[in-house]
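Protein sequences, first through last, are from chains B and P. In terms of my numbering, the first sequence is residues 27 to 127. In terms of my numbering, the second sequence is residues 27 to 127.
I should point out that these hints are in silico values taken from the structure, not numbers from a laboratory. Ideal placement from N, C-alpha and C gives every residue a C-beta, glycine not left out. A portion of the hints provided could be inaccurate.
Pulled a few chain P residues facing chain B out of the computed Cβ check, cut under 7 Å [to be verified]: (1) 32; (2) 47; (3) 50; (4) 52; (5) 67; (6) 68; (7) 72; (8) 74; (9) 116; (10) 117; (11) 119; (12) 121.
Think about it this way: if two alpha-carbon atoms lie no more than 25 Å apart in a straight line, the pair counts; the simulated DSS-like pairs of lysine-lysine are [claimed, not checked]: (13) P:57 <-> B:127; (14) B:57 <-> P:127; (15) P:57 <-> P:110; (16) P:37 <-> P:110; (17) B:37 <-> P:57; (18) B:75 <-> P:116; (19) P:116 <-> B:110; (20) P:37 <-> B:116.
Spelled out, the chains give:
Number of protein chains: 2
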Amino acid sequence: MIVTIVQVFVKPEFIDAFKDITRENHENSVKESGNFRFDILQDQNDPSKFVLYEAYASPDANAAHRETSHYFKWRDTVAPWMAKPREGIKYDMLFPSTFQK
Amino acid sequence: MIVTIVQVFVKPEFIDAFKDITRENHENSVKESGNFRFDILQDQNDPSKFVLYEAYASPDANAAHRETSHYFKWRDTVAPWMAKPREGIKYDMLFPSTFQK
């Protein structure tokens with residue numbers, strides 16, 4: 027199981043629109059067979075800062091996400107709303123060590 | 027639902043011991059009634075860097091975690107293993123918006 031934690035910095039005037047389109051991305055992403063978590067978080071101290079917490083069964087499953095139409099739609103829609111480039115860090119999930127979909 | 031993302035920096039010689047004691051903390055924490063996630067991650071590019079991803083139903087449920095014996099045991103055991111103080115950031119979980127325990 028691998029996890030990517032993506033930090034997203036949104037221009038303040040696009041916060042509501044970002045939440046709407048990201049909800050759609052969440053709803054489609056959790057349906058992917060290799061996806062186990064696709065949590066969308068908003069920083070309590072800075073509402074323009076979001077985190078996407080994406081857990082996939084394997085690097086291949088993660089890569090497959092980036093070939094989906096819902097990913098492309100999200101990526102292209104939010105591009106002009108970014109205050110700065112987003113940053114992703116990859117982790118190995120140690121615990122829990124097993125998942126059921 | 028609230029999430030705390032805790033970054034933990036471990037002295038290299040204590041990495042294996044940290045994983046063992048943190049597994050125990052994970053196993054006990056996920057049994058708490060207000061807990062929904064207690065994921066333990068290890069950075070793919072820096073094995074001395076860990077993330078604890080802790081999702082709770084409410085601030086009270088999160089606070090209750092910090093009064094448990096397993097939390098105290100973990101906190102006191104790992105204290106001398108830290109390379110620097112850990113850092114926690116709090117988020118609101120936007121999506122998923124409902125959970126079942």
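task = Taking the numbered hints from earlier one at a time, note which ones the structure violates and give those numbers from smallest to largest.
result = 1, 2, 3, 7, 8, 15 and 17
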